[in-house]
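Keeping their order, the protein sequence lines are chains B and Y. Taking my numbering, I'd label the letters of the first sequence as residues 824 to 1123. Taking my numbering, I'd label the letters of the second sequence as residues 14 to 228.
If you are wondering where the hints come from, they were derived from the structure by calculation, not from laboratory data. Keep in mind that a hint or two might mislead.
[Claimed, not checked] Okay, the calculated beta carbon distance ranges per label pair:
#1 S1007(B) with D79(Y): 45 to 53 Å
#2 H1031(B) with D142(Y): 25 to 33 Å
#3 G885(B) with R87(Y): 49 to 57 Å
#4 G176(Y) with L1022(B): 41 to 49 Å
#5 V987(B) with R87(Y): 37 to 45 Å
[Stated by the list, open to error] Among the chain Y residues that face chain B by a calculated CB cut under 10 Å, a handful are:
#6 A33
#7 R74
#8 P150
#9 V154
Backbone N, C-alpha and C define an ideal beta-carbon position, used for all residues, glycine too.
As a plain string of letters, each chain reads:
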Amino acid sequence: MTDESANGRTGTMRVKTGHAQMLQGGVIMDVTTPEQAKIAEDAGACAVMALERIPADIRADGGVARMSDPEMIRGIVEAVSIPVMAKCRIGHFVEAQILEALQIDYIDESEVLTPADEANHIDKHRFTIPFVCGATDLGEALRRIGEGAAMIRSKGEAGTGNVVEAVRHMRTILGEIRRLTVLSEDERPAAAKHLRAPLDLVNWVADHGKLPVVLFTAGGIATPADAALMMQLGADGVFVGSGIYKSQDPAARARAIVEATTHFQDPEVLARVSTGLKGAMPGIEMDALVGGELLQSRGW
Amino acid sequence: MSVSPLPSRPRVGVLAVQGAFREHQAMLSAAGADAVLVRTPAALSDIAGLVVPGGESTTLRIVAGDSGLLEAIRAARAGGMPMLGTCAGLIALADGIADGDTPLVGGLDVTVARNAYGSQVASFEAMVDVLGFGDGPCEGVFIRAPRIIRTGPAVEVLASFQGDPVVVRQDGLLGVAFHPELTDDSRFHRWLVERARRYAAGRTNQTMEDSRVRA
Chain B
824 MTDESANGRT GTMRVKTGHA QMLQGGVIMD VTTPEQAKIA EDAGACAVMA LERIPADIRA
884 DGGVARMSDP EMIRGIVEAV SIPVMAKCRI GHFVEAQILE ALQIDYIDES EVLTPADEAN
944 HIDKHRFTIP FVCGATDLGE ALRRIGEGAA MIRSKGEAGT GNVVEAVRHM RTILGEIRRL
1004 TVLSEDERPA AAKHLRAPLD LVNWVADHGK LPVVLFTAGG IATPADAALM MQLGADGVFV
1064 GSGIYKSQDP AARARAIVEA TTHFQDPEVL ARVSTGLKGA MPGIEMDALV GGELLQSRGW
Chain Y
14 MSVSPLPSRP RVGVLAVQGA FREHQAMLSA AGADAVLVRT PAALSDIAGL VVPGGESTTL
74 RIVAGDSGLL EAIRAARAGG MPMLGTCAGL IALADGIADG DTPLVGGLDV TVARNAYGSQ
134 VASFEAMVDV LGFGDGPCEG VFIRAPRIIR TGPAVEVLAS FQGDPVVVRQ DGLLGVAFHP
194 ELTDDSRFHR WLVERARRYA AGRTNQTMED SRVRA
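Isolated chain B, as found in the complex (with noise of 0.2 Å):
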């Protein structure tokens, strides 16, 4: 939603997108605390995910995941000068409203909650503040971007500690990318009903080869390897948290990832900081999940 008054106008999609665009290049990491956000800052994290419980105790605990509570979010934000975000429902505009009132930096309409609607998404070109959402292919991400999301992340699998969704998602994502690069205007259409995803998004891809907002990668990011390889596969940032916080020395291994991110390009950096590095979480295996239990599958 914009607004209009002598002090500017807020709201703009360009202010939405351009604030993903300073994020580039950048580890954004899930924390709990006010502590855990001061560790993830000092680690050179470039923004914090607020939320409740990390992915991988969402996924041992069971239950219903749901926004946190305005006063743990509130007490992250007095924490850090870096920016906050914070996770609401798939389809839950009430949640989103309320993380709008407290004034963060950044939505999550994120697939590790517990969706609230089945068949709808937030309709995010009603509110002022940005929000980020998942995706596991072209169609997903453009559907989300034709809603107003103003930033994607490959979903990947979060709380696993295994790498290979988000590979999975992001060669999908940016070997559609590629295949509509080549395709001639009439051939257009067809593709755009093929990937379900509106014709204006599908057209304005295939003519500058990349998506109309930031791509950053997110779920199953457990090592500084698993960051460099995401950003050297196309992602433009990394999202990483149950991968630093079941790991045996969480500071250690958030800086390690945040310098991966940066010298992603660079195998001696990638050695240096990839070494003694205390154990990292111990992961699962996808084959170990049965249908029911893939975070991924919410969200269409």
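Using the hints provided, position chain Y relative to the given structure of chain B.
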């Protein structure tokens, strides 16, 4: 004695630790520079100008501080390398930071307050008149922008918004509180490329340069 010709495409770096460095790189290329990304102190030795982009200044302090990059940039600045800092880059070039943090690079005699306009919900766009840069008003995209709360005597205020300076210059350092790299307006990048061209040629004729920019 003959004067060596100015290099047609000076090499200009963009600090690429974190932030909107690709947008700056594209803008510099369009403005006539050989634009390269800078991630190590060694990369500073063969550039003639530097953009410190928007991003998170805290991240910049930690990642660039640990690797010796900030120290190397300070040395390059002291040696006269021209620099453009936008948003967090302006914070990096400022001599003073309101909450008491130590300067990152410094050189611009100003004090800035970080995120002084509020959270992202308060980020805004507005037209800004810029003195001496031609082309009429420019689009100012302010994202969690810093506010310049003090300027020293040697600092030229080239643009203000609602009473606060938003574009400042001191010799070869240009600080911009908003994000020209998110628009099509390349006037600040063209200024840096022109400065870099002269720096590369080992010439710094301030008067001539200023008259060119104002033309």
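Consistency of the hints with the structure:
1. S1007(B) with D79(Y): 45 to 53 Å: For S1007(B) and D79(Y) the Cβ distance comes to about 50 Å; the hint holds.
2. H1031(B) with D142(Y): 25 to 33 Å: With a Cβ separation near 32 Å, H1031(B) and D142(Y) satisfy 25 to 33 Å, so the hint holds.
3. G885(B) with R87(Y): 49 to 57 Å: 53 Å, holds
4. G176(Y) with L1022(B): 41 to 49 Å: The hinted range 41 to 49 Å holds for G176(Y) and L1022(B), with Cβ atoms some 46 Å apart.
5. V987(B) with R87(Y): 37 to 45 Å: 43 Å, holds
6. A33: Holds - the Cβ of A33(Y) comes within 10 Å of chain B, reaching about 5 Å at its closest.
7. R74: Result: holds, 8 Å to nearest chain B Cβ.
8. P150: 13 Å, violated
9. V154: 6 Å, holds
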